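Asks: Now for the letters of each chain:
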Amino acid sequence: MDAPAATETLTLVEAARRAALQEMRRDPRVWVLGEDVARGGLFGQYRGFLDEFGPDRVVSTPISESTIMGAGLGAALVGTRPIIEMRIFDFAMCAMDELVNQIAKVRYMFGGQARPAVVVRMPHGIWRNSAAQHSQTLESWFAHLPGVVVAAPSTPADTAGLLVAAIRSDDPVLFFDPKNLFGVSGKVPAEIAPLPFGRARRVRRGDDLTMVAWSAILPDCETACAALAADGIGVDLIDLRTLWPWDEDAVAASVARTGRLLVVHEAVQAAGFGAEVVARMVERLGPAALRAARRLGAPRVPVPFSPPLEEAVKVTAAKIVAAAKAALGA
Amino acid sequence: MADTAPAGHNARRLVDLYRTMVRIRAFEETALAAHRAGLMPGPLHVSIGQEAVAAGVCLNLRPDDRITSNHRGHGHAIAKGAGIAGMMAELFGRAGGHCGGKGGSMHIADFSVGMLGANGVVAGGIPIAVGAAQGLRLIGSDAIVACFFGDGAINRGPFLEGLNWAALYRLPVLFVCEDNGVAAFTRADEVTAGAGAVARAQAIGVAAESADGNDAAAVDAAAGRLVAEVRAGGGPRLLHLRTYRLLGHTSTDAAAWRPEREVAEARARDPIARLRARLVDAGTPAAGLDAIAAAAAAEMTAARDAALAAPWPDPATAWTDVLDADRAGAA
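Listed in order, the protein sequences are those of chains A and B.
The opening residue of the first sequence carries number 1 in the numbering used here; numbering runs sequentially from there.
The opening residue of the second sequence carries number 1001 in the numbering used here; numbering runs sequentially from there.
Hints are computed from structural coordinates only; laboratory data are not their basis.
Take these hints with a grain of salt, some might be off.
[What the hints assert, rightly or not] Covered stretches of chain B, as calculated for chain A (at least 3 residues, CB under 8 Å):
id, segment
1, 1117-1125
2, 1153-1165
[Unchecked claim] Pairwise CB distance ranges, derived in the manner of DEER restraints:
id, chain 1, residue 1, chain 2, residue 2, range
3, B, A1316, A, A275, 44 to 54 Å
4, A, D27, B, D1142, 50 to 60 Å
5, A, M93, B, T1252, 33 to 43 Å
6, A, G48, B, A1306, 39 to 49 Å
7, A, L145, B, W1257, 35 to 45 Å
8, A, L145, B, A1193, 30 to 40 Å
9, B, T1186, A, A326, 54 to 64 Å
10, A, D249, B, G1181, 54 to 64 Å
11, A, P196, B, A1316, 52 to 62 Å
[Said to hold, decoys possible] If you only want the chain B side, here are some residues facing chain A, beta carbon under 8 Å, derived:
id, residue
12, H1098
13, K1102
14, G1103
15, L1168
16, V1191
This one's a predicted model, so the numbers in the text were calculated from it and none came from an experiment.
Virtual Cβ for every residue (Gly too), placed ideally from N, Cα, C.
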């Protein structure tokens, strides 16, 4: 029997740093561009990179989002493998042509001549009362967009494994770092293996309800599941980890067993990815197989600044417990 | 109008320019006729009257240099060496097109000759070009990138961002502003404040100059000088080339809003006719030039016929060239 692989307890942001570091050491074609990356990046996710790799591979850029995104694509078209750092997701709004019309299209539109091997890192979500332009979760937009992989991990190990896979991918990967969880710790292997896209992780096993979630809402889901367990309710909690591709099989197997589905996301509920998950399960299993099929997301308002206002609109463990009980009562 | 060949321009180089220009003209006239006959789907933007820009710039590029182009990009692609059969098939949406029929006229690309793609979005190629230059440097190549865009692109943000970026990192990019004086149906000077592309580039610290974009020898001379500076590591340059779009924005646009006299005057400055007159004046036999034009017409007619005879793409190929993850899912 093999000895267990060496692991270390790391914060999520450090796990992400180690993953990028490992890949930049492994492959000289990998480089990173974005605002302040030579100073370590906004969250320290590139700390020490400049000293090790130099200014040609660790490129601090002007605040020119269109060109950060587009230059990353151009550099990929000549055979390099850029990590495009957008600082926070909301700023990627300034680079939508480059992301949607260019990166997502070139492989297909040029008949396979182009391989846009880029990772676009976009830390997203509610974080330190940052208000409407620094708190968004719009990952469902990109699940709707042909031509991109969408990753939205929630743990240090998954972040590290998916980031390695993203950097090695010949397809463009939109990587939504859960910025509110950057300080959360967990075990990460010293040698980080790529984690395949489209494989969900069962967080806890239960027979009464299937709960599907991803990204920064996972800890709240776990808190809710513990409270539900205390009331004798067993939840099968599934972290999708990637939204495209997503692990339909894992969700379907769980729902076939529990008969009840609740999808929880930090993003606005209306037209969120939860709607897709519910719709696919109804199509796949048939409406009779589901005694409940529900979503819980935020109301369709921008994220407000003031703590009590933000608290009022965001999805919380208490709201998840209530939604789960409502699903069980159905 | 008398064109004087700059020193160093020999007749053979001018004939090379002439050949490229008549091939571009023949390609586009052939495509336009087919489009107007209802044989070609989708929008078609031709560059008839602007051929000296593509020919003059690309004559100074190496095979491993890259270009990015725009929606009016057939000429750039042909001048860079893109295969005609693949281009024509692509325009007709047939199997055998460079993009397998998935791109069409607006998305012609031929990576095998360094043509990184036309672009359906104005200024869309600018960030891609500067990134390609950055990537080439990273992999140790001394190839450069020529980035073609029109006068309309200088009013988009990526123009400012891209020039600043290229200057900041001293990237090997030749920006080519192909100024045909009109952004779709609006005159460029009605929507452009200040002194235009050259002044804007200079304000950012990118050395820039203008030349007559309808004088192939002048384009060649200016491009040759600037390409050498860029390749020597001098950082980016911008070449502003004034030209004239003889036809409308698309194949279905008559551009009837333009005074007839203006168009007639522009026709008198047709870059192909001017180059031909110069060559004949310098003693090149007209018969030889006629033979080049006839060969170009025959080449394009044959390419059209071959494209029309080619099968449509297999509908199953609509599901190829997708994400590896999607292909795995479909299997």
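Asks: Now tell me if each hint is right for this structure.
Replies: Hint check results:
no., hint, result
1, 1117-1125, "holds (count 5)"
2, 1153-1165, "holds (count 6)"
3, B/A1316 <-> A/A275: 44 to 54 Å, "30 Å, violated"
4, A/D27 <-> B/D1142: 50 to 60 Å, "22 Å, violated"
5, A/M93 <-> B/T1252: 33 to 43 Å, "34 Å, holds"
6, A/G48 <-> B/A1306: 39 to 49 Å, "57 Å, violated"
7, A/L145 <-> B/W1257: 35 to 45 Å, "38 Å, holds"
8, A/L145 <-> B/A1193: 30 to 40 Å, "35 Å, holds"
9, B/T1186 <-> A/A326: 54 to 64 Å, "57 Å, holds"
10, A/D249 <-> B/G1181: 54 to 64 Å, "58 Å, holds"
11, A/P196 <-> B/A1316: 52 to 62 Å, "26 Å, violated"
12, H1098, "7 Å, holds"
13, K1102, "5 Å, holds"
14, G1103, "5 Å, holds"
15, L1168, "7 Å, holds"
16, V1191, "19 Å, violated"
Violation of the numbered hints given earlier is confined to hints 3, 4, 6, 11 and 16; the remaining hints are satisfied by the structure.
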